[in-house]
Amino acid sequence: MRKMILLLVITSLWGQVQVHIESIPPDVDVLIDGAKAGTTPIDDLTLHPGKHSFYLEKEGYTILHYTTYLVGAEKAVLRFRLKEKYSVTFKSDYEPLHYRLDGKYAWTEEKMRFDMEAGRHTLEVFLGDSLVDQQEVLIRESTTIRYHYQGDRN
Amino acid sequence: MTRNRYLQLLTVFIGVCSVGLLTRCSFSVPHYPEPILLGESSVSIEYTFGTVDIAWPVKIIDGHPTAYRLRFYSGKDTTKPVIDRMLLPGDPIAARLPRSLFLPDTLVNWAELIPLGGDYPARRQSFSYTGPIITLDTTVIQLRPVIIEGAVRLLRNGAPVPASRVTVTFPSGREETLPCDTSGAYRFVFPAQVLDDSSCTVRTVAPGSYPAEMKSVTLNAGKQYRVDFWVGPTAEFFGKGAPYIVLEDLLPFRTGPENGATIQFLLPRDEIIMVTTVAGNRLKAIVELRSETGEKPHYVEGWVPASKVKPVEL
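Residue numbers (numbering that gives the first Met the number 0), protein chains in the order written: chain B, 0 to 153; chain H, 0 to 313.
Hints were generated in silico from the structure; no laboratory data involved. No experiment lies behind these values; they were computed from the predicted model shown. Hints are supplied without guarantee of correctness; some may be wrong.
Stated by the list, open to error - Among the chain H residues that face chain B by a calculated CB cut under 8 angstroms, a handful are:
id	residue
1	VAL28
2	PRO34
3	SER41
4	GLU45
5	PHE169
Unchecked claim - Taking lysine to any residue and the SDA-like style, the derived pairs with C-alpha atoms no more than 20 angstroms apart in a straight line are:
id	chain 1	residue 1	chain 2	residue 2
6	B	LYS90	H	PRO32
7	H	LYS283	H	VAL299
8	B	LYS74	H	THR50
9	B	LYS74	H	PRO32
10	B	LYS110	H	HIS30
11	B	LYS74	H	LEU9
12	B	LYS74	H	LEU100
13	B	LYS82	H	ALA158
14	H	LYS295	H	GLU235
15	B	LYS90	H	GLU33
16	H	LYS307	H	ILE244
17	B	LYS50	H	ILE44
18	B	LYS82	H	PRO32
19	B	LYS90	H	ILE44
20	B	LYS82	H	SER43
21	B	LYS35	B	PHE53
22	B	LYS50	H	ARG202
23	B	LYS57	H	VAL42
24	B	LYS57	H	THR166
25	B	LYS57	B	TYR68
26	B	LYS50	H	VAL42
27	B	LYS50	H	LEU100
28	B	LYS82	H	TYR31
29	H	LYS214	H	THR166
30	B	LYS57	B	ASP28
31	B	LYS103	H	VAL299
32	H	LYS214	H	ARG202
33	B	LYS90	H	SER27
34	B	LYS74	H	SER43
35	B	LYS90	H	PRO29
36	B	LYS82	H	GLU39
Said to hold, decoys possible - Some chain H residues flagged as far from chain B (calculated, every beta-carbon gap over 12 angstroms):
id	residue
37	LEU36
38	GLY38
39	ILE60
40	PRO80
Idealized CB from N, CA, C, for every residue including glycine.
I would like the entire structure built from these sequences, with the hints used as guidance.
Take a look at the structure:
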């Protein structure tokens, strides 16, 4: 019986991985498998090898949701980089158009407000089923995008 | 502008704003329901693995391997090695492995060493993680030996022959003798060098009343040879009379009891004969003639002098 208990203790300790979590920016709230794990940097964490879900959140930044299979190493350092989130207003001057950002976020309104991750996004403009324009939009601050349709309006 | 005029303008402004808020027109811009994400991965994971040094001492007692193949198997899968390494003679038979191989469910792992450059059997050894340095048990490396084995048993009922011995003789002069065990079995294990001789003879000597038998073995057909000896008379022969043993080599076996009768053949010393009739100092007997090919034995009747044979218990 003693041996069994000792074996269980050994095997349970053996499987643990020391986990260190860093982030840019710091002071990000971290949830692991749905439970609050602390605020980055987190140093005193041990996890069993296997599938784990990490959820990082900070005001002004996009939420980062990351699932990974943690291997049975001695130590694992996870480094996350959260991207800034900006408020962007889109305004167009031609009603029949509809729009799509990054190939998946679509809308038809002439005016729209977005929470956009910083970086280069692709704006596609459609008239009916036809793609009439495509532009790269660099977001690095809260701003207003004014879209002026230069095609034929008849 | 009077104070009343300001109040009038303020009232108008508040009214316009209120209408705008209530109707949600011109001032209101819809908010897209989800954030616009680029979806680029911004995560990195850096693992640090502990290591385990595994040393495997070997002792070469036969042969000169030209290389070694060292493999390690996790307890999870004993068919697919997690590490397969080639080592040269003189290299230490050792490896530094990540500790991650030793998960709780892989407490039993396997190491395999395959000497190359000859007919060496692979060696396998199980081990568990006991610390950062693991030394396996010493393993003997030797060319696969030549094995000659078989049994010495009575032809009439298959019983072992007590205290029988078997001798193997090689043309080079090497000779070894082993006693049979209680089941009549014997087993010789020779180093591979005996294959330099292309053949050998295997001879059995059963004590007392059984003639020695000898068989030749060709040594180029493999490394394990089975040579069985069936000694003594057959059950059929045993029922034909009283067993006697020949006391003298080259004893004439005549067609009749008289001295001038024709000699059919000469009997060797220790041959077993079955006596059916006693006529003075002559005995009528039957001799069993067996072929090497295992055909049905032949029986020949004849006469021998009573003084040259004696009764025997088989």
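For each hint, the structure was consulted:
1. VAL28: Holds - the Cβ of VAL28 (chain H) comes within 8 angstroms of chain B, reaching about 5 angstroms at its closest.
2. PRO34: holds, 4 angstroms
3. SER41: holds, 4 angstroms
4. GLU45: Status holds, d = 4 angstroms.
5. PHE169: Violated - the Cβ of PHE169 (chain H) stays beyond 8 angstroms from chain B, reaching only about 54 angstroms at its closest.
6. B:LYS90 to H:PRO32: Judged against 20 angstroms, a Cα distance of about 17 angstroms means the pair holds.
7. H:LYS283 to H:VAL299: holds, 11 angstroms
8. B:LYS74 to H:THR50: holds, 12 angstroms
9. B:LYS74 to H:PRO32: Answer violated: LYS74 (chain B) to PRO32 (chain H) is near 39 angstroms, above 20 angstroms.
10. B:LYS110 to H:HIS30: holds, 9 angstroms
11. B:LYS74 to H:LEU9: violated, 66 angstroms
12. B:LYS74 to H:LEU100: holds, 14 angstroms
13. B:LYS82 to H:ALA158: Between LYS82 (chain B) and ALA158 (chain H) the Cα gap is close to 89 angstroms, so the pair fails against 20 angstroms, i.e. violated.
14. H:LYS295 to H:GLU235: Holds. LYS295 (chain H) to GLU235 (chain H) sits at ~11 angstroms (cutoff 20 angstroms).
15. B:LYS90 to H:GLU33: holds, 18 angstroms
16. H:LYS307 to H:ILE244: Cα-Cα ~9 angstroms, so holds.
17. B:LYS50 to H:ILE44: holds, 14 angstroms
18. B:LYS82 to H:PRO32: Holds, at roughly 19 angstroms.
19. B:LYS90 to H:ILE44: Distance of about 41 angstroms is beyond 20 angstroms: violated.
20. B:LYS82 to H:SER43: Measuring from Cα to Cα gives roughly 15 angstroms; hence the hint holds.
21. B:LYS35 to B:PHE53: Answer holds: LYS35 (chain B) to PHE53 (chain B) is near 10 angstroms, not above 20 angstroms.
22. B:LYS50 to H:ARG202: At roughly 69 angstroms apart (the allowed maximum being 20 angstroms), ARG202 (chain H) and LYS50 (chain B) break the hint.
23. B:LYS57 to H:VAL42: Measuring from Cα to Cα gives roughly 16 angstroms; hence the hint holds.
24. B:LYS57 to H:THR166: With a Cα-Cα distance of about 88 angstroms, the restraint between LYS57 (chain B) and THR166 (chain H) is violated, given a limit of 20 angstroms.
25. B:LYS57 to B:TYR68: violated, 24 angstroms
26. B:LYS50 to H:VAL42: Holds, at roughly 16 angstroms.
27. B:LYS50 to H:LEU100: Holds, at about 18 angstroms.
28. B:LYS82 to H:TYR31: holds, 19 angstroms
29. H:LYS214 to H:THR166: Holds, at about 11 angstroms.
30. B:LYS57 to B:ASP28: holds, 6 angstroms
31. B:LYS103 to H:VAL299: Status violated; Cα separation ~105 angstroms.
32. H:LYS214 to H:ARG202: Holds. LYS214 (chain H) to ARG202 (chain H) sits at ~6 angstroms (cutoff 20 angstroms).
33. B:LYS90 to H:SER27: Holds - the C-alpha atoms of SER27 (chain H) and LYS90 (chain B) are around 12 angstroms apart, at most 20 angstroms.
34. B:LYS74 to H:SER43: With Cα atoms ~14 angstroms apart, LYS74 (chain B) and SER43 (chain H) stay inside 20 angstroms; holds.
35. B:LYS90 to H:PRO29: This hinted pair holds, its Cα atoms lying about 11 angstroms apart.
36. B:LYS82 to H:GLU39: The hint holds at about 10 angstroms.
37. LEU36: Given a closest Cβ separation of 5 angstroms, the condition is violated.
38. GLY38: violated, 8 angstroms
39. ILE60: holds, 38 angstroms
40. PRO80: holds, 18 angstroms
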